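Trainee: Could you put together the complete structure from these sequences and hints?
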Amino acid sequence: MSYFEDRDLAPDPNDDDEAYWANCAQRRLTFQQCGACKTVTHPPISVCPHCQSLDRGWIEAPTEATVFSFTWIHSAAHDSVTRSLPYNVVVVEFPSLPSVRLISNVVDAEPTSLHIGDALTMVWEDIGGGILLPRFRLAADSKWS
Amino acid sequence: MISLVLQRYAWQYGMEAGDMAEIALALRDNASRNPRAVMHDRLLTLETYFASRMIAEPLRLYDCCMESDGACAVLVTSAERARDLACRPVQVLAATGYGEADWGVGPMGSHNMPLGRYTTGGQSELARELYALAGLSPADVDVAQFYDHFTGMVLLALEDFGFCKIGEAPDFVRAGNIRWGGKLPINTAGGCLSEAYVHGLNNLVEGVRQLRGESTSQVPNARVCLVTGGSAISPSSAALLGSGA
Ligand SMILES: [Zn+2]
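Protein sequences appear in the order of chains G and U.
For reference, each letter of the first sequence is one residue, going 1 to 145 in the numbering used here.
For reference, each letter of the second sequence is one residue, going 1 to 245 in the numbering used here.
The hints are simulated quantities; they were obtained by calculation from the structure and are not laboratory data.
All values reported here derive from a predicted model rather than from experimental measurement.
Here are the computed distance ranges between Cβ atoms for each label pair:
no., chain 1, residue 1, chain 2, residue 2, range
1, G, H78, U, A51, 19 to 29 angstroms
2, G, G117, U, R117, 17 to 27 angstroms
3, G, G117, U, E80, 56 to 66 angstroms
4, U, F50, G, S46, 42 to 52 angstroms
5, U, G182, G, D15, 49 to 59 angstroms
6, U, G135, G, S80, 45 to 55 angstroms
7, G, K38, U, E129, 28 to 38 angstroms
8, U, E129, G, P43, 22 to 32 angstroms
9, G, S80, U, K165, 36 to 46 angstroms
10, G, H115, U, R53, 14 to 24 angstroms
11, G, A76, U, G99, 31 to 41 angstroms
12, U, R212, G, D15, 48 to 58 angstroms
Chain G stretches covered by chain U per the calculated footprint, using a threshold of three residues with CB under 8 angstroms from any CB of chain U:
no., stretch
13, 69–76
14, 95–101
Not everything, but these chain U residues come out facing chain G in the computed CB check (under 10 angstroms):
no., residue
15, L6
16, I55
17, P58
Cβ coordinates follow ideal geometry from the N, Cα and C atoms, glycine included.
Mentor: Here it is as structure tokens:
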């Protein structure tokens with residue numbers, strides 16, 4: 001079961017983010033940390049955008065997450081999302097890690113139940129093909145807790 | 001990406017849907033006087049605006065620029081050569097292109113921008129440089145043509161280019177300032193939202209018309225016009241044009 005039904009939207013791991021997706025497959029959400037200046041960044045990139053160091057390490061993402069911003073999409077820009085309308089796109093922030101925000105979706109939320117500042121819990125969605133996606137649910141959503 | 005920025009801006013500063021509607025309505029009103037505008041005789045009311053379909057909250061159909069075919073051109077030459085041209089020349093007081101570091105990663109990573117930068121169009125440093133080059137300030141600008149891919153981004157451009165403080169653009173437009181006859185008329189040909197989407201070059205052409213006194217929504221005695229390039233992307237650009245008079 002996936003937030004979007006169509007497998008066309010699956011990520012295609014390549015050089016910079018292969019390790020990221022491999023960690024996701026192990027149900028570990030990780031972000032890159034620069035070995036030189038220690039800045040944590042996302043999405044994965046082969047060079048630190050702050051100090052240009054090539055020393056790239058990984059840290060576990062914080063578990064505490066909230067809604068920084070969100071939108072409900074009502075117009076399908078691609079056939080594969082037509083059946084999912086309206087769907088949400090959420091910018092997730094981690095209060096203990098201000099340099100990284102993550103784009104994701106809040107599963108099972110209704111347009112009236114999603115607000116900036118809402119607490120979130122991460123859930124893994126296995127979409128097949130060895131790909132697991134980090135998605136979120138409202139922490140107070142009784143259907144899930 | 002734009003809807004996410006605007007949603008956060010609305011939450012942070014109290015922007016209401018009607019504030020974005022005011023941009024759409026003001027520009028459509030300008031287009032109604034411009035026979036070249038695609039939306040020349042297409043009336044837009046607040047009711048029509050709110051009845052239009054949602055695209056990506058908070059953006060409705062009329063918050064998004066059109067898709068249209070069109071062409072325009074500008075001829076740039078030295079002041080000396082321009083002197084005896086058949087058309088009245090307009091002076092480029094300053095023009096600058098600029099990329100702000102936090103915007104360099106573009107839509108794929110821009111959600112990681114620092115908090116203070118997230119709810120902007122990313123043009124404030126560009127604006128500072130532009131005014132410094134021209135030796136002018138926002139108070140010197142008689143009329144402005146903002147890049148208008150989405151209504152809400154025009155609000156953010158009003159702040160980036162110093163016409164109001166951060167978070168005050170909704171109040172600024174509610175007071176009627178951007179209307180023809182207001183304190184700072186904007187996108188006087190209708191802009192990309194209602195004249196045509198010619199990637200903002202049509203806004204530059206309208207800036208020239210204003211300073212020649214040839215606009216269909218002419219601002220009396222317009223001497224300085226601001227024209228801005230695309231916001232929420234890096235690099236961006238902007239120019240200050242002068243009537244030379
Ligand atoms: Zn670094």
